[in-house]
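The residues making up each chain are set out below.
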Amino acid sequence: MTQRLVVIGNGMAGARTVEEILARNGDFTVTMFGDEPYGNYNRIMLSNLLAGVETEEGIFLNDLSWYQENGITLNAGVKIARIDKDSKIVIAEDGSATPYDKLIIATGSYSWTPPMKNVHNPKRGYHQGVFAFRTLDDTRGMIRYARDHERAVVIGGGLLGLEAARGLQNHVSHVTLLHAMGHLMERQLDPKAGAMLQASVEGKLGIEVVTNAMTTEILGKDRVTGVKLADGRVIDCDVVVIAAGIRPNTEMVANSGLPVERGIVVDDQMRVEGEQDIYSVGECAQHRGNLYGLVAPLWDQAKVLADHITGTTEVAYTGSKLHTKLKVAGIDVASMGLIAPEHDTDEVVVYNEPKKGVYKQLIIRDDVLVGAVLVGDNSKAASLIQAFDRGTPLPEERAGLIFDLGGAVEESAEDMPDDAQVCNCNGVSKGAICGAVADGCKTVSGVMDKTRAGKGCGTCKPLVQRIVEWANGGAAEEDPAASWYVPGVPMPKPELMAAIRKYELKSVSSVFDTLVPGAQHDAKSKMGLASLLKMMWADEYVDERDARFINDRVHGNIQRDGTFSVVPQMKGGVTTPAQLRKIAEVAEKYDVPMVKLTGGQRIDLLGVPKEKLPAMWADLDMPSGYAYAKSFRTVKTCVGSDFCRFGVGDSTALGIALEERYQGLEGPGKMKLAVTGCPRNCAEAYVKDLGVVAIDGGRWEIYVGGAAGAHIRKGDLLTTVDSPEEVIRLTGRFLQYYRENANWLERTYSFVPRIGVDRIREIVVEDSDGIAAALDAAVEEAVQAYKDPWKERAEPATPGQFRTSLPLTVLPQVPVRS
Amino acid sequence: MTISAIEKTVIGSIDDIPLGEGRTFTVEDEMIAVFRLRDGSLRAVSAVCPHKGGPLADGQIDNRVVVCPLHLFSWDLATGCSQSGQPPITVYPVRVDGDLIVLGE
Ligand SMILES: Cc1cc2nc3c(=O)[nH]c(=O)nc-3n(C[C@H](O)[C@H](O)[C@H](O)COP(=O)(O)OP(=O)(O)OC[C@H]3O[C@@H](n4cnc5c(N)ncnc54)[C@H](O)[C@@H]3O)c2cc1C
Ligand code: SF4
Ligand code: SF4
Ligand code: FES
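From first to last, the protein sequence lines are chains A and B.
Positions 1 to 818 (full-length UniProt numbering) are the ones given, in order, by the first sequence.
Positions 1 to 105 (full-length UniProt numbering) are the ones given, in order, by the second sequence.
Among the hints, a few may not be true.
As the list claims (entries may be wrong) - Here are the simulated DSS-like pairs of lysine-lysine, each with C-alpha atoms no more than 30 Å apart in a straight line:
id: 1; chain 1: A; residue 1: LYS192; chain 2: A; residue 2: LYS228
id: 2; chain 1: B; residue 1: LYS52; chain 2: A; residue 2: LYS596
id: 3; chain 1: A; residue 1: LYS524; chain 2: B; residue 2: LYS52
id: 4; chain 1: A; residue 1: LYS714; chain 2: A; residue 2: LYS461
id: 5; chain 1: A; residue 1: LYS670; chain 2: B; residue 2: LYS8
id: 6; chain 1: A; residue 1: LYS596; chain 2: A; residue 2: LYS380
id: 7; chain 1: A; residue 1: LYS221; chain 2: A; residue 2: LYS117
id: 8; chain 1: A; residue 1: LYS589; chain 2: A; residue 2: LYS787
id: 9; chain 1: A; residue 1: LYS327; chain 2: A; residue 2: LYS442
id: 10; chain 1: A; residue 1: LYS442; chain 2: B; residue 2: LYS52
id: 11; chain 1: A; residue 1: LYS117; chain 2: A; residue 2: LYS88
id: 12; chain 1: A; residue 1: LYS192; chain 2: A; residue 2: LYS221
id: 13; chain 1: A; residue 1: LYS380; chain 2: A; residue 2: LYS461
id: 14; chain 1: A; residue 1: LYS493; chain 2: A; residue 2: LYS787
id: 15; chain 1: B; residue 1: LYS8; chain 2: A; residue 2: LYS461
id: 16; chain 1: A; residue 1: LYS85; chain 2: A; residue 2: LYS102
id: 17; chain 1: B; residue 1: LYS52; chain 2: A; residue 2: LYS612
id: 18; chain 1: A; residue 1: LYS85; chain 2: A; residue 2: LYS117
Because the hints were derived from the structure by calculation, they are not lab data.
Using the sequences plus the hints, can you model the full thing?
Written as structure tokens, this is what we have:
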């Protein structure tokens, strides 16, 4: 039955919650009340409006037609005076009463005025020339008044005060910022960072800053002429803007008998404590003792409330970790978590370069980032925020956290020219990305799909994300699909795997038919599902040819001109003269345009037309070397103790044994391994998905999560073991754990830091979760189910399996070298 | 959307194309990729990817789109429109007649 939903407060949280409810097709007739006489606007943008870089039209999120189109009754300019929860009505100041079945309170905050003499005028509210900075009306009034005046004072050296000071510079010739505390932004910055910011604000922007400045009185009879400080100083001015903090709008709610402490007390479902049908979100809500004054947490709250009210059970808001990353008055500032160490054991990393106005401080506890402050250089902010949010263990090299060591400097999206190429693999420019955003793609993954930016080697993904965020005016919309394993099935991996098990889905099409609303198949999800199902069901997996990528359908690697490459297997990089001779003969017989050693120590016969594949294989009579597919690829080895004078372990034998056992194993990403005979690391084992290094004393170190591809990362030491058998066992166990838990296309270099090597060690080596035996059994089953795909060389699996798909016209050819 | 008129031509037997895959056929110098969807119906489009010449018949399909195997750009099989900011591909009329594949109106 359609219920009546009433929302008090038409600000950012209230309107967003309604949007989220509409998106979930909630069955409600919605009535909204807003004290302000407008539709819903982006309060954050008031700073830009004041600074003259945004127009009033530009800051509206939902205009009045949105309310109409969605059947929402908006009472703009109507203030609610009381809630009568017993008869379930809200009563407005104009006396009207509106009944509700469900009520949402999103009244936000008001601008707090510190106690000062003469700030109010009994007739007019604020004294003439004194303004708060909270609403569109405040901002309009401020601009109108400041235009005709000269000197402004801003009271409050927090974020808002700085923005106001910067904006006012647009309208008056002189701005002084007064701050009652010892340094600016004292809640986000430590004293050093605050001082650095102050120096920049004064030096670069020309705003005068006075700290320890407690304003006690507004001077002037009819209009402002100055302010007086507690120490007696007088500062002349004709405009005063108060930005000294905010307080939740809760008076009306408290008067209506609802529980209010610092804010309206809500539970994890955003329900007002002790109430069945009343909810609260936004700055006015107090959740687990916390109030939030930034929008990101409000968005999370809005989602949970919308889920809950539309009937999703088991949703809970558990609080948000606060971080800010912004240009405060044109200066980069980022802050998250603690601003000072709390325990003796907290590690503090500081970098300070006053001349450039750069200051960075990290607070690390047990290898996890618990606080960071950056001023003057935000290039590392994104990665730090990520580490802070996820609580992932930090790399030992702390310097890399605050500097780009040798790597490219993180470019700011704003400063890049439109034609700058962002994705070098697919040739996508910044302009094209912004174009996709302008065409309505608001999510990072949407833009990536549309433009294919970031879909090559993936190195540019963070930059793509920054550009999308920038083009969206600060934050990209979150893509619900971001947590799904594959784009076409709306489930994260654990849920997907549970459903696959529950319904015993053994083929890709049965997954679509059972788990996707409307049973819509999705070409882009097939490969990921095929790999997952194969991992889960081993030889019970029902192979559907159309779920395979072309490489897996013909067991070759498709090349840029539509030809394929044939890569005979060469376990551990070892071959024989006979094999070499055969490869040479086949290459000659089939006119192979290029014969090349690959990075994985194999011989690649490039440029083979599809229809020649079966005949070539027959002549070669060697198995395929897995140069394609998201699977176990190759084990690179060095010469090792067999021949090398430094070798302390037989790396070659171990490499061959590993490749023999795990060949063809499917996974969420490629798995490249190496074994090296001593720490000289000739086989580059430190930068492999799994790398094994022989050390003196017959022992072997196992490294995981390394990469030397599009990303470069040294692997983390998982453990040191005594025998090659132990290496083989733990390799299988680690790979199985990765196969079961990584996201689709997530290589180990992101998987290992995401889970944390310590945690992985607990599971894989110490068996703290008691699943080691199950992992061993699962990988054993996969090994047993292995079939040589090259068997198809004799009998094609489908009609025309090897028929060319190449057009007759001549295509760009792979360059031939003699 | 471009639908190019081609004279009615029998280009082969339905058994030439496995369910869910595509094969290329040449008709009067035109290279045409014909796909057999999982619902049994056929779609025909130009065989050469307008991005960088990839073989579309080697691509992966569902009931709506084909994804080129080279750089994974995708096109709508019914309209030929690109879903990823590329030029459109040509769509040809095609149908099953008994167990024959018939191209053209
Ligand atoms: C200038 C400025 C810059 C900011 N910059 C940032 C930033 O960069 N990043 C960031 O994360 N956050 C920023 N914020 C904070 C952000 O705007 C707020 O966190 C957010 O707007 C809070 O949303 P809300 O819906 O809880 O409150 P509001 O957006 O304030 O909405 C509450 C609404 O309820 C109405 N209302 C109150 N009482 C009643 C009543 N009794 N009856 C009817 N209506 C009522 C009010 O009039 C108001 O319209 C900024 C804020 C300002 C003012
Ligand atoms: S291998 Fe990686 S870097 Fe090279 S072209 Fe392909 S996607 Fe780009
Ligand atoms: S890693 Fe050590 S054993 Fe292997 S080739 Fe190099 S020096 Fe020799
Ligand atoms: S050639 Fe088809 S997507 Fe690039």
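Comparing the hints with the structure gives:
no.: 1; hint: LYS192(A) with LYS228(A); verdict: 28 Å, holds
no.: 2; hint: LYS52(B) with LYS596(A); verdict: 24 Å, holds
no.: 3; hint: LYS524(A) with LYS52(B); verdict: 19 Å, holds
no.: 4; hint: LYS714(A) with LYS461(A); verdict: 20 Å, holds
no.: 5; hint: LYS670(A) with LYS8(B); verdict: 46 Å, violated
no.: 6; hint: LYS596(A) with LYS380(A); verdict: 40 Å, violated
no.: 7; hint: LYS221(A) with LYS117(A); verdict: 12 Å, holds
no.: 8; hint: LYS589(A) with LYS787(A); verdict: 28 Å, holds
no.: 9; hint: LYS327(A) with LYS442(A); verdict: 22 Å, holds
no.: 10; hint: LYS442(A) with LYS52(B); verdict: 28 Å, holds
no.: 11; hint: LYS117(A) with LYS88(A); verdict: 42 Å, violated
no.: 12; hint: LYS192(A) with LYS221(A); verdict: 40 Å, violated
no.: 13; hint: LYS380(A) with LYS461(A); verdict: 15 Å, holds
no.: 14; hint: LYS493(A) with LYS787(A); verdict: 26 Å, holds
no.: 15; hint: LYS8(B) with LYS461(A); verdict: 47 Å, violated
no.: 16; hint: LYS85(A) with LYS102(A); verdict: 10 Å, holds
no.: 17; hint: LYS52(B) with LYS612(A); verdict: 23 Å, holds
no.: 18; hint: LYS85(A) with LYS117(A); verdict: 39 Å, violated
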